[in-house]
Amino acid sequence: MVGPLPIKFIVLGQVGVGKTCLMKRFCEGEFPEYVESTLQPDIAVAYVQVKGFHIRLEIHDTLGQERFGKLPNILYRNTDGIILVCDLTQAETFSSLTSWLAEIKDHCDDDVSVVIAGNKMDDTNGRLVTRQMIGSFANVENYQFLETSAKNNINVERVFFSLLNEVLRKKTLLPECSVSEMSIVPKEIVDNRQPYLPQKLTAEKVDIISLKLHKFKESTKTEVKSCAAQTGEGSSSCSC
Numbered sequence: 001m002v003g004p005l006p007i008k009f010i011v012l013g014q015v016g017v018g019k020t021c022l023m024k025r026f027c028e029g030e031f032p033e034y035v036e037s038t039l040q041p042d043i044a045v046a047y048v049q050v051k052g053f054h055i056r057l058e059i060h061d062t063l064g065q066e067r068f069g070k071l072p073n074i075l076y077r078n079t080d081g082i083i084l085v086c087d088l089t090q091a092e093t094f095s096s097l098t099s100w101l102a103e104i105k106d107h108c109d110d111d112v113s114v115v116i117a118g119n120k121m122d123d124t125n126g127r128l129v130t131r132q133m134i135g136s137f138a139n140v141e142n143y144q145f146l147e148t149s150a151k152n153n154i155n156v157e158r159v160f161f162s163l164l165n166e167v168l169r170k171k172t173l174l175p176e177c178s179v180s181e182m183s184i185v186p187k188e189i190v191d192n193r194q195p196y197l198p199q200k201l202t203a204e205k206v207d208i209i210s211l212k213l214h215k216f217k218e219s220t221k222t223e224v225k226s227c228a229a230q231t232g233e234g235s236s237s238c239s240c
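Just so you know, the sequence shown maps onto residues 1 to 240 in this note's numbering.
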């Protein structure tokens, strides 16, 4: 039986742009008032249903690791999509998008999907980055962009679903769909329900999904063993 299709996202951007808040709002429906910077990334999982088919969306948040230097290469491994976030009230975070895109191109496959999120659109008085500025930048780089507010829950689902839609379109693993056909579902529904395979999903694509799921599980096991070997059991940091 084919399980949920595993998809990996990373949320990138300068410290304080609201990466963790976007992830928490999307996965947990809450806005965290305080986020602690650590040396360890945070991983959240959301289950998304698309036309009855289930996806296990694993979202990696750097939790301020960029404050301590370059991000570890392992973070980029097997990444399907990236949400690149800037703070609309901090012009320097918008200027940093160019260097972030260069890092993405250095560490990720050429077909990785990227969506740019201009966060904190709710702070109209403090806004320094205009919609035209971020739109022009996104058009030049040929990426989608959305303005978001994790605090007021504006376009949060839409930015994640837009990226997921692009990933699925590139991989041609599912029939064409729209963001409006996507929804977050509880893990219990995924665990207790026979996965639905659309008729357009060929046997070859079913094999691709099964292979991706197997590689995902093996990669996760390898990463856990690698970190354990380098840091020792119970250590709070990992150098990989």
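What the hints contain is simulated information worked out from the structure, not anything from laboratory work. Glycine included, each C-beta is placed from N, C-alpha and C at the ideal position. Fair warning: there could be bad hints in the mix.
For each label pair, taking beta carbons as the anchor points, the in silico distance ranges come out as [claimed, not checked]:
| id | residue 1 | residue 2 | range |
| --- | --- | --- | --- |
| 1 | Asn139 | Gly3 | 19 to 27 Å |
| 2 | Asp191 | Glu30 | 38 to 46 Å |
| 3 | Asn142 | Pro175 | 18 to 26 Å |
| 4 | Asn139 | Glu92 | 31 to 39 Å |
Pairs of lysine-lysine, DSS-like flavour, derived with a Cα cap of 25 Å [what the hints assert, rightly or not]:
| id | residue 1 | residue 2 |
| --- | --- | --- |
| 5 | Lys187 | Lys51 |
| 6 | Lys187 | Lys105 |
| 7 | Lys51 | Lys151 |
| 8 | Lys8 | Lys170 |
Going through the hints against the structure:
At about 38 Å, the beta-carbon gap between Asn139 and Gly3 misses the expected band of 19 to 27 Å. One distance hint, 38 to 46 Å for the beta-carbon pair Asp191 and Glu30, is violated here, with the actual separation near 23 Å. A beta carbon spacing of about 25 Å between Asn142 and Pro175 agrees with the range 18 to 26 Å that was offered as a hint. Range check, Asn139 to Glu92: Cβ separation about 21 Å, and the 31 to 39 Å hint is violated.
A C-alpha spacing of about 17 Å is found between Lys187 and Lys51, which places the hinted pair at or below 25 Å, so the restraint holds. Taking the CA atoms of Lys187 and Lys105, the gap is about 33 Å. The hint is violated against a cut of 25 Å. Distance hint between Lys51 and Lys151 is unfulfilled; the C-alpha atoms sit about 29 Å from each other, more than 25 Å. Distance check on the hinted pair: Lys8 and Lys170 sit about 14 Å apart at the alpha-carbon level, within 25 Å; holds.
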